[in-house]
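S.K.: For reference, the chains in residue letters:
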Amino acid sequence: MEDAAAPARRRSDRARAVPLLAIAALGVCALVFDVTLPLRLPGDADHAEAAAALRVRAGPRDAVQLWPPWAERARMFIRTLPVRTEEDLRAADYPGVERLWLLAMPRAPFARLSRARAALRERGAIAGEEMRFGGLSLQPWDLRGPRVLSFLTDPREEHEIDYVPRQCMQVRIGPPPDPGTLEARGLGGVLHVRAGIVGERAYQVARGQVRVEVQIDGAPLATLTVPPTVPPEPGWRRIEVAAPSGEHAFAFRVSARDADRPFCLAAWTTAP
Amino acid sequence: MTRRLPLALAALTFAALFATQSGVGFVRDEGYYFEAARSYEQWVLLLLRAPAAALRDTGRYWSLNFEHPGLAKLLFALSHLVFTTWLGWLPDTLAFRLPAFAFGALLTYWLAMLAAQRSRAAAVFAPALFWGAERTFFHGHLACFDVPICALTVGVGVAWARAIGILESSPSTVTPPSTLPSTPTPPRRSLFFGFLFGCALAVKHNAWLLPAVLLVHALLLPAGLRRRALRTLPWLLLGPIVLFAAWPLLWHDPVRHLSDWVSFHAHHVHYAWYYFGRELRGPPFPIFYPLALLALVLPLPQVILFAAAGAKLLWDFAHRALSPLRLLELGLAGAAILPFMLRTTPIFGGIKHWLAFVALLAPEAAHLLAGAAGLASQAGLPRARALGIAAAAALLPGLWQIAHVHPYGTSAYGELAGGVPGAASLGMQRQYWSNNVTAVLPWLNAHAPRGARVFFHEVNPESYRAYQQAGMLRADIQYASGPWDAQYAALQWHREFRDREPETWNAFGTRTPATGFYLDETPQVVVYARPGLPGAP
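Residue numbers (the working numbering), protein chains in the order written: chain Z, 1 to 272; chain Y, 1001 to 1537.
Chain Y on its own, in the form it takes in the complex (with noise of 0.2 Å):
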């Protein structure tokens, strides 16, 4: 097999991800980013325009979101400099979200490389289950860094197996376990190596924890791939180069940038988060809350299949019988999801700090789906009728769930969870924060007078701003700061912020909503107006 089919498969992610953004609204974090890239814009054109102002302003406009490093955020900037700016040919937030899309398709080519060592139906399969549930499918769309990071650890793992020799191009020479590969590998992939990891540094943070996954992997592999392993290693020394170059914020006063950047994820506040009826606020988090909520929001065929990749996984280290390439694959999902298994890390956000998981999981995923369709189709199905049977089972829920919730990914749950509306009778996170606005943004612009105020609750003003932007939201309608200020309010539902629709009937006057955003009954955004307002009840 060549690289034709993951190429293929990352084009299509490209184009269902850019075909079903537009009703994707604007998470909390993602209006800061916007924010951010318009900054990192402005000194884009200025380096284009008086470099050396450039070099000595940094400060002033990479200081904006200082605790995450800048390269997708300057992504987002460069994409809407070309695409919004200069050619004029795309929206806002399309422009800044083309470069997520850009990871997702990453995400994908790398997923069906890894997967392609095992099958080329394998190779078809992993990034199909990762991406067939609502929760990915959602993030993929964001302007942030969570998938971003997400296929920069795959990518870091693929070109760490390519720069070691245990994973090639042509995926019918699978380095058996023990052996060294004849030829030594050229200096390039280990260059690549070190850039791509750079690259993930230059991301997020979760790349931190990459060095000691690969130095445990090298440690672990056969001698003669260990000491070809450790020889790679150094190359990581460039992760710092490129996360420097980067991010002009570090170009002056390194130290404490750093210093920010590290001290802000070490202090991070703690969100409330709703779990099985408790208001989780603080350590000790449940040990086993980022299993428990992968089995609730994610579909269930995936569930099983990823919990079974898992299980084979443990049981293959457990026995020896994990290639390298395998062994790198749990060392890396394992990274992605343990810190969060501490009880004291963040736990907010649903699943999208532990995605990586997820996506390391899938190509074990997809091999036994590619398994048991080759086992019936040796009791005499036919093989392309069973990889059918495997595909349609393991990815029909997921699509339904897509099909039925999207773009309001983050209230999506799973059959175990009893969909929507079970896990609002479990106790679980409704939404977070404010993304599902969109749904009642119609409604606003068509009943609400000129110039009227509306307490958009949970929608910053950086989001609020970005859908007048978009041409989502009437240029006319205003901010309000709590409902004593407004004539309309949309409340999104969220445990933790349940005062504020008694204070909205307070001060209306009236307990009946105007209207609402309700997915299978359950209260996403409820829209309140004063009496004798257009759209009032």
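Okay, chain Z solo, but in the shape it has when bound (with noise of 0.2 Å):
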């Protein structure tokens, strides 16, 4: 009878060891990630190789967007080309941009880089060879957007919109006789017109909406509205028009009866 009782005692036994296994196990995976998290990210010597590679093989009119947009240590780095943060990679405006250097880290937590690259091709990008620089991936992206034929704002102003930084300028919000007006001259085709109230008052909802009317040669060709910003909507709003080919006098004029926010704009044209 001993004899008998005797394996499924010791399997008894050994199964009172399970809880401080399991425990044990969970310690264990806990400090591996811990332990191995640095040896995933990459150092200095890997950001100055990969900003080293761009100032090599980078042109006038390429741009570094960072993935995961929160990777902006690369910001010290790479002095020799404008860095963009977009979040949305598919819909986000490039304007002027011809190839796209995505520098990211692949083996971040939650990087999802597969995402960031489904993106870019979901809007056409054709993708370049990837190039590793220890715990970054470099790769190239040709955007193949339209030709942009004329900035009517500076693209070295930036504001932040949705959390993001934009190149956008700021224009006054003037009353409704009164509007703030931004005024450019520039060369017809489709008109890409993006504004959004920049900050924390954009989440303002009780302040009302802002308008922006464009004109052409003093004639109105579109409105832009810009409503405060209720998740997840976007705040930073857009509108694209044609406009008649040749040079032209383009006016944004913009006007709330709420004025005391700040507010930011961008227009380009591009090849239609």
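It is worth saying that the hints were derived from the structure and are not from the lab. Just to be clear, a hint being listed does not mean it is correct.
Simulated DEER-style distance windows between Cβ atoms [stated by the list, open to error]:
{"id": "1", "chain 1": "Z", "residue 1": "157", "chain 2": "Y", "residue 2": "1533", "range": "56 to 62 Å"}
{"id": "2", "chain 1": "Y", "residue 1": "1067", "chain 2": "Z", "residue 2": "129", "range": "57 to 63 Å"}
{"id": "3", "chain 1": "Y", "residue 1": "1277", "chain 2": "Z", "residue 2": "175", "range": "31 to 37 Å"}
{"id": "4", "chain 1": "Y", "residue 1": "1276", "chain 2": "Z", "residue 2": "209", "range": "57 to 63 Å"}
{"id": "5", "chain 1": "Y", "residue 1": "1442", "chain 2": "Z", "residue 2": "44", "range": "14 to 20 Å"}
This one's a predicted model, so the numbers in the text were calculated from it and none came from an experiment. Using N, Cα and C, we set each Cβ at its ideal position, and we do this for glycine too.
Since each chain comes alone in its own frame, lean on the hints to assemble the complex.
M.R.: Structural data, given as structure tokens:
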């Protein structure tokens, strides 16, 4: 009887160690993750190498897109190219950019680089050869976007809208009888207008909408309305409208009842 | 077991907090409490010099930070008065923080007392599980109210348990659920219970909920114990007396000041808070927000052990198998977190507002951990080795987190979040709000020219002055009100303040940081310098 019960007893005894084994396994997994995390992230040398590669390979119509968008330590190393931190790569505007360098940390937790690549593919971009620099991946993407004919706002000025730095110019909001005005000359084609309220005041719903009236040679062309941002609706509003070819005087008249808000506007034309 | 082990663990906690505080920056609130403590210290000096004038002028000195009761800040003030003003032994900030370390030590002591009712191993594990995470460890350093009220919540629980006779100093005499201790408890225990509740009330408004929890606990007890508990409850009336005594602001026009206090918290502003890619700005908040946040910020073993502890307590409650003490722990833990699951209570500040939830689950979690080791020893593993394995598995990831992230505790995330970079990808709050600036102060001290104007972003003027007084920031460096007014900018990364960085680029004419503090690649504090200045890229 004793001999027959012994294996069962031993199994039962061993089973008593299972909770401790489970806790030990949990601790080991956690510790392995913690200790190896720095190895999955780039170091200074990786950043320097990627920046050097960009210096050598990138052209004047190139830009760098960081992924994940929070990976902005790269700004300390990349000094020769505009750095973008767009979050929606499918819908993002890259006006004037022909080739986008996707600089990514593929092994960072939840980086989801495949999603970024899929978004670029969905907008028709074509991937080039990927390079690896330790914890960094660098891949050129031919955006195949329309050619910019004229920048109607200065792309060097940037402001935050929807928590993303946007290339746009701050424009005063005026009361409806006296709108703030931004004027520029440029070639016609497809006119792209983007606008939004800067900072947290964009989310104050009681403040009402901002109206942007677009004029061409003094005649109304289009209107863009920018309401207070209520996520998931975007605060960075857009219109595309056809403008007659040839050089024109464009004017953007910005008005709202509540004018005490920083407002930002971007406009450019592309070939049809 | 005597009280020697809890006392030793408490002393260890105090020493650990003391030894690791120097790099801990001043969170936004702490700067206000420093200022308030300075004002209260002046009042204490006046009280010693001219008592009548001090009694007359309470409003002048105590109106500062009227929204929180006075006890903790009075202790910060007294510590500063003794150790800095009179003795000159400690720098300002360390003296202010000393009482906070004492509260941390008290928390350890009371947790060990509670857990010692289960086993000696649990008495060691319980405080270790609580403190073995960077978030909790970080908050233990601050001259704020979160760890003090956490400690006092546990302390009130212990004092209540002792007053009604369900917890003895000698843990070998665990009271079975349905029996009444034969000897009546001495009145000094009830007195101490009432006094501790008053202290809790005089530290933070979380204590408002304690009477309700204790009443429900009393009503759920077996008949004999229930009568004793209901007879003990009136000692809570000592609380308002202690509150009144410890908060001189109430000595004149108390109704108005009490009303202001209650009103402030009943209508507290909601700060934007980044959570799974959404900026939460106001109610309704996600119902499981506090639990989800705990799961993401604590090290994985603690997450699992605390979850198991909560589940075990609830299971035993549902099956009427909870001892009165464990029922008390469950009630206090629930009361600590449930207000933040109402969907309307302000949720900013990470996990600091419901630290007592974690603390009150710690004894049960420690018991489960010790139990796992005990079972393994029955399977043939030597007991000491089993306990060692349990301790290492449960605590090493947390110790690693502390070693890796401290003193930047508001940025810490656990393994479920993927660490700090994983949390950034998930869209979680990066930090709150400005304590991480300590990482770049040495650079500013080394590079900024004499009298340089620096935009410190979320560092409030109180904290800026405190950094200068602590010698962490050069005294000649000036506080600029914005990038347009500054030569250098030290921007703390917050989703809701993203507009400040492009604003700085436009003002400075550069997008290249001069330096920065990056934690596992995530930007925490980014420093810009105007081109041509020392340190500019």
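S.K.: So, for every hint listed, does it hold in this structure?
M.R.: Evaluation of the provided hints:
1. Taking 56 to 62 Å as the suggested C-beta distance range, the pair residue 157 (chain Z) and residue 1533 (chain Y) does not conform, at roughly 22 Å.
2. About 60 Å separates the C-beta atoms of residue 1067 (chain Y) and residue 129 (chain Z), a value consistent with the hinted range of 57 to 63 Å.
3. For residue 1277 (chain Y) paired with residue 175 (chain Z), a C-beta distance near 36 Å keeps the hint of 31 to 37 Å intact.
4. Checked against the hint of 57 to 63 Å, the C-beta distance between residue 1276 (chain Y) and residue 209 (chain Z) comes to roughly 28 Å, which is inconsistent with it.
5. Residue 1442 (chain Y) and residue 44 (chain Z) have their C-beta atoms about 18 Å apart, which keeps the hinted 14 to 20 Å range intact.
This entry does not satisfy hints 1, 4, going by the numbered hints stated previously.
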